[in-house]
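Participant: Spelled out from the first residue to the last, the chains are:
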Amino acid sequence: MAIEHLDTRPGSERWTAAPPGVRSDVLALLHRVGWVKILLFLLPALLLLAVYLVIPVAMLVVMSFYRSTMFGITRDFSLGNYAHFAGNPMFPYLLLKSIRMALTVTVLSLLVSYPFAYFLARMSGRFKTALLILVMVPFWTSYLIRTMAWLPILGIKGVVNYSLLSLQLVTKPVEVFLFNEFSVILTLVHIYLPYMVVPIFLSLDRLDVRLLEAAGDLGANPLRAFWHVTLPLSMPGVGGGIVMVFIAGFGAYVTPKLLGGSSGIMFGNVLADQYSGTFNWPFGAVLALIMITVVILLLVVASRFTRLDGVFRAQA
Amino acid sequence: MTGERWRRLFRFYALAVYVFLYVPIAMLVLLSFNDSNAITLPWGGFTLRWYRALTENQSLFVSLKNSVILGLATAALATLIGSLAAFAFRYRFRGQAALMRMILLPLVIPGLTIGVALLLLFHALGVRPGLLTTTLVAHVGFALPYVFVLVSTRLHRFDASLEEAAMDLGADELTTFWQVTFPLIRPGIIGSALFAFTLSFDEFIRTLFTIGNDNTLPIQIWSMLGSMVSPELNAVATLIVVASVGVVVLGEVLRGRDR
Amino acid sequence: MSEFDLEFRNVTKDFGEVRAVDDVTLQVHRGEFISLLGPSGCGKTTSLRMIAGFERPTRGDIYLDGRSVGDTPPYRRNVNTVFQHYALFPHKHVFDNIAFGLRMRRRPAAAIAERVERMLALVELPGIGGRFPHQLSGGQQQRVALARALINEPTVLLLDEPLGALDLKVRRRMQQELKRIHREVGVTFVYVTHDQEEALTMSDRIAVMNHGRVEQLDTPAAIYERPATRFVAGFIGLTNLLRGVVEGREGGALVVRTADGARLRAEPADAAAPGTTVEVAVRPEKIQMGVEEPRGADNCVEGRVAAFVYQGVVTEYQVELRDGQKVRVIVQNLRETWGSSVVPEGSRVYLHWSRGAGLVLADTGMAHVETGDEDDAVAAPRR
Chain G
58 MAIEHLDTRP GSERWTAAPP GVRSDVLALL HRVGWVKILL FLLPALLLLA VYLVIPVAML
118 VVMSFYRSTM FGITRDFSLG NYAHFAGNPM FPYLLLKSIR MALTVTVLSL LVSYPFAYFL
178 ARMSGRFKTA LLILVMVPFW TSYLIRTMAW LPILGIKGVV NYSLLSLQLV TKPVEVFLFN
238 EFSVILTLVH IYLPYMVVPI FLSLDRLDVR LLEAAGDLGA NPLRAFWHVT LPLSMPGVGG
298 GIVMVFIAGF GAYVTPKLLG GSSGIMFGNV LADQYSGTFN WPFGAVLALI MITVVILLLV
358 VASRFTRLDG VFRAQA
Chain S
48 MTGERWRRLF RFYALAVYVF LYVPIAMLVL LSFNDSNAIT LPWGGFTLRW YRALTENQSL
108 FVSLKNSVIL GLATAALATL IGSLAAFAFR YRFRGQAALM RMILLPLVIP GLTIGVALLL
168 LFHALGVRPG LLTTTLVAHV GFALPYVFVL VSTRLHRFDA SLEEAAMDLG ADELTTFWQV
228 TFPLIRPGII GSALFAFTLS FDEFIRTLFT IGNDNTLPIQ IWSMLGSMVS PELNAVATLI
288 VVASVGVVVL GEVLRGRDR
Chain A
16 MSEFDLEFRN VTKDFGEVRA VDDVTLQVHR GEFISLLGPS GCGKTTSLRM IAGFERPTRG
76 DIYLDGRSVG DTPPYRRNVN TVFQHYALFP HKHVFDNIAF GLRMRRRPAA AIAERVERML
136 ALVELPGIGG RFPHQLSGGQ QQRVALARAL INEPTVLLLD EPLGALDLKV RRRMQQELKR
196 IHREVGVTFV YVTHDQEEAL TMSDRIAVMN HGRVEQLDTP AAIYERPATR FVAGFIGLTN
256 LLRGVVEGRE GGALVVRTAD GARLRAEPAD AAAPGTTVEV AVRPEKIQMG VEEPRGADNC
316 VEGRVAAFVY QGVVTEYQVE LRDGQKVRVI VQNLRETWGS SVVPEGSRVY LHWSRGAGLV
376 LADTGMAHVE TGDEDDAVAA PRR
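Residue numbers (the working numbering), protein chains in the order written: chain G, 58 to 373; chain S, 48 to 306; chain A, 16 to 398.
Please note that the accuracy of each hint is not assured.
[To be verified] Not close to chain S: a few residues of chain A, all C-beta gaps over 12 Å, as computed:
| id | residue |
| --- | --- |
| 1 | His106 |
| 2 | Asp111 |
| 3 | Met119 |
| 4 | Ala125 |
| 5 | Ile166 |
| 6 | Leu181 |
| 7 | Arg264 |
| 8 | Val320 |
| 9 | Val346 |
| 10 | Thr352 |
| 11 | Tyr365 |
[Claimed, not checked] Computed, partial: chain G to chain S, Cβ under 10 Å:
| id | residue |
| --- | --- |
| 12 | Val111 |
| 13 | Ile112 |
| 14 | Pro172 |
| 15 | Leu191 |
| 16 | Val192 |
| 17 | Asn218 |
| 18 | Thr244 |
| 19 | Val254 |
| 20 | Arg263 |
| 21 | Leu264 |
| 22 | Arg267 |
| 23 | Trp284 |
[To be verified] Below 20 Å or equal to it, Euclidean Cα-Cα: the simulated DMTMM-like pairs (lysine to aspartate or glutamate) are:
| id | chain 1 | residue 1 | chain 2 | residue 2 |
| --- | --- | --- | --- | --- |
| 24 | A | Lys107 | S | Glu210 |
| 25 | A | Lys107 | S | Asp206 |
| 26 | G | Lys214 | S | Asp82 |
| 27 | G | Lys185 | G | Asp274 |
Please keep in mind that the hints were generated in silico from the structure rather than gathered at the bench. This one's a predicted model, so the numbers in the text were calculated from it and none came from an experiment. Every residue gets a Cβ at the ideal spot worked out from N, C-alpha and C, and that includes glycine.
Using the sequences and the accompanying hints, generate a full structural model.
Facilitator: See the structure below:
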């Protein structure tokens, strides 16, 4: 088979690249001054973050020092709102109560999720993804709806009471299931379960089974293998889940408002009230800042722990 | 306990967790067909009258329309801004780690505080709350980190040598993007957009503080919960569940197609 | 018009603190098949990327067809690359992949179609234009990548370890294919590899690189027979290094005295001054081994067979000399049955070779030399 030579000598039909023009000049310029391109790409996001996050939080700080009077908001600098928070024992109490409730939600969520994630991670291929998606599906619906869904379950005419009555375990409907701390905590655990399951699942799923085999080979029974190998290696996932669930629980508003009655009130409710009922914006700003501070503190603490965790792993 | 019994125990436990996850929603769907004036039991018989009532509810349609418009706008803007940022992060530059932390920060700040802070901001600026102004800002800011993460991971898996090959063969940066990069990441971007839509569609707390007189669907549901608690609520909720899940499933399917 | 298709003039490339390419100067003749050979990190891939335009030299300049490339972007250079993992566009079928470069230059559709068909015939893959890359085997993908690059008639074709991902048999066949295409097409090929056997087989010339520098640029035979430095001697094939002190000259050879008193004769005679410590590099296959002391040999050392390995075509012996040095000897299995010719362990043997087979390497003080010992032994040729 005779194949023609690709003639590359000068003068042959050699096709050159497309001729330069404005567009290529601009591109060449961008190529040389690379950072301009990066900045251009980041600019919209930076602007958005400024308007959505940075400036609003700054406004919170500024507002927290103003005073709210009968005639409106006076702009002189004062620490009165902070004093108000510290002075009235109800507010610190509410803060601590919300933290406690959020911790409860987190711990319960962890206890429920860990075995579940463990089981899911140990499953074999085919159904695993499907089951994982099944866990996430509820998460894709609004938490408002998921909160509301508990009303017909926990109420005096709800499913639980209905079953108790028909099974004749009680003679009249029990009110204890709804409009208190219990219902809030239960619902929050329900809503944010995927937040805990997914990270734990991901870190357990990544676990190399051979590590456990090696541990067994070295004489560890399944329980010790779990304690010394599986558990430490799943810590990043556990840490992530704990942080996400706590923050979500601590910042809750809808759930306590809808299901909390008067005893299940949380920090978020009082915060929101400053912007509807009481119209004490400056004080509300203080509360918002406190909420953000708690969240940031948790993040800082958590990141410290994950570093420790790295050391942990090196030892194990 | 033997291995087999552990497995059975686990299976039972997992089933219990799924029940816990799904029973409330299932109840919701079930009760939307309940022929009774309360949103709870007892069961009064199967009926479609609540869905029919929905079709006659004008305000609900307006809210739905608002939610959809807002969702589309959010999806478009968040996807654009988030994708651009994700592309920028392919290069190394100073302050990269700090900037990424800032972009992801909104994920952990409670929506309630954001809503309140935005209210302060717009009030100080004298901007009147509006669906496609103040609320849009809140929604796009909310969805941005999600889009950023989704697009970033997709870009991370993208083989950069394909772009080099295109440039080697004579395509400049723009042509390379259009002919090679974009077609290959397009499903991922569309999937992210759909996810952003769902986030916006279901968003409540930030919306509560930034919307004025307009209603989105979640806002209307909230007021219905306060005033007229009827099974119509269950019907609306069911439809929202179906819509939300449907959109995300669609997005996942598209995202999976480019694998 | 320059006679050199490609030229490096004092090219240096730094990545921050790391110097990837260190003052490289070389010229590539028109139509030559030149390989850049070296271990990972030696700068060969960086050099290739600089030719293509994906990296810019920190210092120095690269000339294509006599003209400096400066900072011309890759899409404006008449250079094309065959990538290590093919980088075929997965969303375009084979035809569109191959036609890509021509479409970028806005050639008429009819001309493109005809050229694509010709290229497919050249790489012996006629008629698969409609298929997608994932439907092809590794070897086929490689050929499509080659066609996609060649169709643009580049001044220089760059190949970045293109055969690394293929298994042995396919790789051998592709090596022959590439040589054939190179001969037919006449384009200058710059080929990057870490596989010295591949480089020796395919190249007109080889540039052996280490730590960013070109240690030797020469034909395969010259590199093998006359390695210029310790590194080259160790990297290409297996070699023995016998240490000794220079005594003086004798005839046209340098006399080197080893620790146990043996006097070796090696070339070149002017390699080092008397009293210097040098190493004499001898290829294992150039050493003859016998159980009787030879007479009149240029070089002769005595030792005992410590071990041997049967390798089908040859037998590799490890001989321990009187002073403890270990020497590797490769003996071709000429006899009909191996058992009768093998020299058993513990036997006393005499190793001898001609003075031309021994190469004097002045101690350049380089820390790392691959002598082909231990783990490297069997791996070396295949790397």
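Participant: Does each hint hold? Answer for all of them.
Facilitator: Evaluation of the provided hints:
no.	hint	in the structure
1	His106	violated (5 Å)
2	Asp111	violated (10 Å)
3	Met119	violated (3 Å)
4	Ala125	holds (19 Å)
5	Ile166	violated (9 Å)
6	Leu181	holds (17 Å)
7	Arg264	holds (54 Å)
8	Val320	holds (50 Å)
9	Val346	holds (46 Å)
10	Thr352	holds (53 Å)
11	Tyr365	holds (55 Å)
12	Val111	holds (8 Å)
13	Ile112	holds (6 Å)
14	Pro172	holds (6 Å)
15	Leu191	holds (7 Å)
16	Val192	holds (7 Å)
17	Asn218	holds (9 Å)
18	Thr244	holds (8 Å)
19	Val254	holds (8 Å)
20	Arg263	violated (15 Å)
21	Leu264	violated (16 Å)
22	Arg267	violated (18 Å)
23	Trp284	violated (16 Å)
24	Lys107(A) x Glu210(S)	holds (14 Å)
25	Lys107(A) x Asp206(S)	holds (15 Å)
26	Lys214(G) x Asp82(S)	holds (15 Å)
27	Lys185(G) x Asp274(G)	violated (27 Å)
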